[in-house]
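Line by line, the protein sequences are chains A and B. Each residue of the first sequence is one higher than the one before, starting from 1313 at the first, in the numbering used here. Each residue of the second sequence is one higher than the one before, starting from 110 at the first, in the numbering used here.
Be aware that a few hints might be false.
In silico EDC-like links for lysine to aspartate or glutamate, alpha-carbon gap of 20 Å or less [unchecked claim]:
| no. | chain 1 | residue 1 | chain 2 | residue 2 |
| --- | --- | --- | --- | --- |
| 1 | B | K197 | A | E1451 |
| 2 | B | K178 | A | E1353 |
| 3 | B | K189 | A | E1350 |
| 4 | B | K197 | B | E125 |
| 5 | B | K185 | A | E1350 |
Residues from chain A shown here face chain B by an in silico Cβ test under 7 Å; the list is partial [said to hold, decoys possible]:
| no. | residue |
| --- | --- |
| 6 | A1339 |
| 7 | E1350 |
| 8 | G1397 |
| 9 | L1399 |
| 10 | G1405 |
| 11 | M1414 |
| 12 | I1419 |
| 13 | A1431 |
| 14 | G1432 |
| 15 | D1465 |
Residues of chain A placed beyond 12 Å of chain B at every Cβ, according to the derived structure [unchecked claim]:
| no. | residue |
| --- | --- |
| 16 | G1433 |
| 17 | K1447 |
| 18 | G1464 |
Keep in mind that the hints were calculated from the coordinates and are not lab data. Only a predicted model underlies this, so the values are computations on that prediction, with no experimental measurement involved. Think of the CB as a built atom: it goes at the ideal place given N, C-alpha and C, for glycine as much as any other residue.
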Amino acid sequence: MVEKKEKKPLKKVCIICAKGAIEDVYASLVMANGAVMEGIEAKLFFTFFGLDAITKKKMNRLHTGTVGNPAMTMPGGIPFPTLLGMLPGVEAGVSAMMKKQMEDLDIPPVDEFLDMITAGGGEIYACKLATDMFKLKKEDLSEHVIDIITIGDFYALAGGDNTQIIFT
Amino acid sequence: MTTKNIAGISVDVNEEGYMTNPSQWTEAIAKELAKEEDIELTDEHLKVAKYLREEHEKGTVLTVRKVGKSGLVDIKGLYKLFPGGPLKKSSKIAGIPKPTSCV
Chain A
1313 MVEKKEKKPL KKVCIICAKG AIEDVYASLV MANGAVMEGI EAKLFFTFFG
1363 LDAITKKKMN RLHTGTVGNP AMTMPGGIPF PTLLGMLPGV EAGVSAMMKK
1413 QMEDLDIPPV DEFLDMITAG GGEIYACKLA TDMFKLKKED LSEHVIDIIT
1463 IGDFYALAGG DNTQIIFT
Chain B
110 MTTKNIAGIS VDVNEEGYMT NPSQWTEAIA KELAKEEDIE LTDEHLKVAK
160 YLREEHEKGT VLTVRKVGKS GLVDIKGLYK LFPGGPLKKS SKIAGIPKPT
210 SCV
């Protein structure tokens, strides 16, 4: 006799964003927004270079790496030569191209994305260790950041059934 | 795909309850579909539903961001009207297919 498995939908996701490249930050933001769009509680924790995503001066100026990025290809699929990536302006140009493609898909810039996530009930936190390290204060961060907390505090928020912690 | 009797009309729906034939939609059907989602349909809900139907007819890809920018309601308001799945629920109530966007 086959036992009927009870459906246990996801109730909460706690996403930790530790990198500051545009693709890493957007991965975390899309995951958080996707969660709140499905009625799943979402909490975001930004640490180390991820802090760039919630720092007012940097959040809309994120870049992608063009040097030593093995996954980067030229349009058409030809491998992207590292020497090309080193030239002045290439990193900014490629990052701008990526941003434009995302805008065409209606993916908003970081500050608007944080608006959307918090409008859906998502919560945003900054890591105390990282803010101390980069000498940042709450005023330097987006107004959507609820508080600067430790990882221990974040783990406490991550308790409960059907909760997943995701590290990006 | 099956037919379901909603508000006295035979409506084609898929296995998730989304209408497969948007032209069969009426406001009475919207009210019933809303009840299934634990929502009490108001004029606000209908405004959003009608906007979604217009955009769907034009073939635009619907996103929460687009609805928020439409001027009818802001994103916070959208979450209030359709809690726990704003785009999914409003699309179901509007009688259009399930949205496929990630935003």
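Results for each hint:
no. : hint             : in the structure
1   : B:K197 - A:E1451 : violated (36 Å)
2   : B:K178 - A:E1353 : violated (23 Å)
3   : B:K189 - A:E1350 : holds (14 Å)
4   : B:K197 - B:E125  : holds (11 Å)
5   : B:K185 - A:E1350 : holds (15 Å)
6   : A1339            : violated (11 Å)
7   : E1350            : holds (6 Å)
8   : G1397            : violated (28 Å)
9   : L1399            : violated (33 Å)
10  : G1405            : violated (25 Å)
11  : M1414            : violated (9 Å)
12  : I1419            : holds (6 Å)
13  : A1431            : holds (4 Å)
14  : G1432            : holds (5 Å)
15  : D1465            : violated (26 Å)
16  : G1433            : violated (7 Å)
17  : K1447            : holds (33 Å)
18  : G1464            : holds (30 Å)
Against the hints set out earlier in the document, violations occur for numbers 1, 2, 6, 8, 9, 10, 11, 15 and 16.
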